[in-house]
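Let's have the full structure, built from the sequences with the hints guiding it.
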Amino acid sequence: MTELRVYLMVENLQPQFAAYLSSPTRARGYPPIQGSHSLIIEVAPGLAIERVIDLALKSVPDVEPGILFVERQFGVLELHSGDLSELKRAGQAILDGIKSKPADQLRPRVLYTDVIEAITDQHAVIINRNREASMVMPGETLLVCEMVPALFAAVAANEAEKAAPGNTLVNVQMIGAAGRLYISGPTADVTRARDRIAEVLEAIEGRSH
14 MTELRVYLMV ENLQPQFAAY LSSPTRARGY PPIQGSHSLI IEVAPGLAIE
64 RVIDLALKSV PDVEPGILFV ERQFGVLELH SGDLSELKRA GQAILDGIKS
114 KPADQLRPRV LYTDVIEAIT DQHAVIINRN REASMVMPGE TLLVCEMVPA
164 LFAAVAANEA EKAAPGNTLV NVQMIGAAGR LYISGPTADV TRARDRIAEV
214 LEAIEGRSH
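The sequence shown begins at 14 in the numbering used here and counts up one residue at a time.
Simulated pairs of lysine to aspartate or glutamate, DMTMM-like, Cα-Cα distance not exceeding 25 Å:
#1 Lys175 x Glu99
#2 Lys101 x Glu63
#3 Lys71 x Glu99
Cβ-Cβ distance ranges computed for the label pairs, FRET-style:
#4 Ala190 x Ala211: 18 to 24 Å
#5 Glu84 x Met14: 16 to 22 Å
#6 Asp109 x Gly179: 37 to 43 Å
#7 Gly95 x Asp134: 38 to 44 Å
#8 Glu215 x Ser36: 25 to 31 Å
#9 Lys112 x Pro199: 43 to 49 Å
#10 Asp117 x Phe82: 16 to 22 Å
#11 Asp134 x Glu63: 45 to 51 Å
Just so you know, the hints here were simulated from the structure itself, not pulled from any lab data. Every residue, glycine too, gets a C-beta built ideally from N, C-alpha and C.
Set out below in structure tokens:
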């Protein structure tokens with residue numbers, strides 16, 4: 014049987030997060046653009062993701078796969094489209110094919126979050142050496158957040174950008190044992206992003222870990 018671990022609809026991709034998804038390190042297929050919508054799915058066993066993408070593309074050929082990734086235990090697929098109804102139809106075809114519903118996914122669980130004010134220049138340098146998106150500047154406030162399953166970092170990043178678009182998306186790690194998010198900016202904006210992430214993740218339905 015195929016276990017549905019994550020079924021995540023990310024609507025209206027924001028400029029920074031869309032650019033991150035379109036970077037060569039992540040967009041192994043077709044890159045999404047700002048304003049499109051994304052469906053992100055994780056299943057186990059990992060190779061079951063090949064059946065998942067087959068179900069989606071045969072049902073709605075016009076949706077575009079951006080990420081298809083088989084890690085050690087799980088398979089990850091990101092699909093996107095400018096037409097939300099098409100993406101939902103592809104998602105329903107997947108759910109029907111693996112005999113699951115969205116509430117069968119795991120609920121997101123935040124492992125750690127912190128707001129660090131006025132970071133030092135040395136701290137900024139070492140973060141920027143490992144970033145996958147934009148740079149954090151010395152003196153800014155930095156939000157760090159870690160959660161499981163890792164893919165929920167995607168909706169966290171996108172919703173945080175909606176809540177405070179002036180912040181900088183520094184890093185997103187959305188594949189692996191845990192998802193991690195780095196966001197920088199003025200303290201008030203960073204705090205608003207933190208609160209929005211908590212609100213969004215708390216509202217997602219699913220089964221307990």
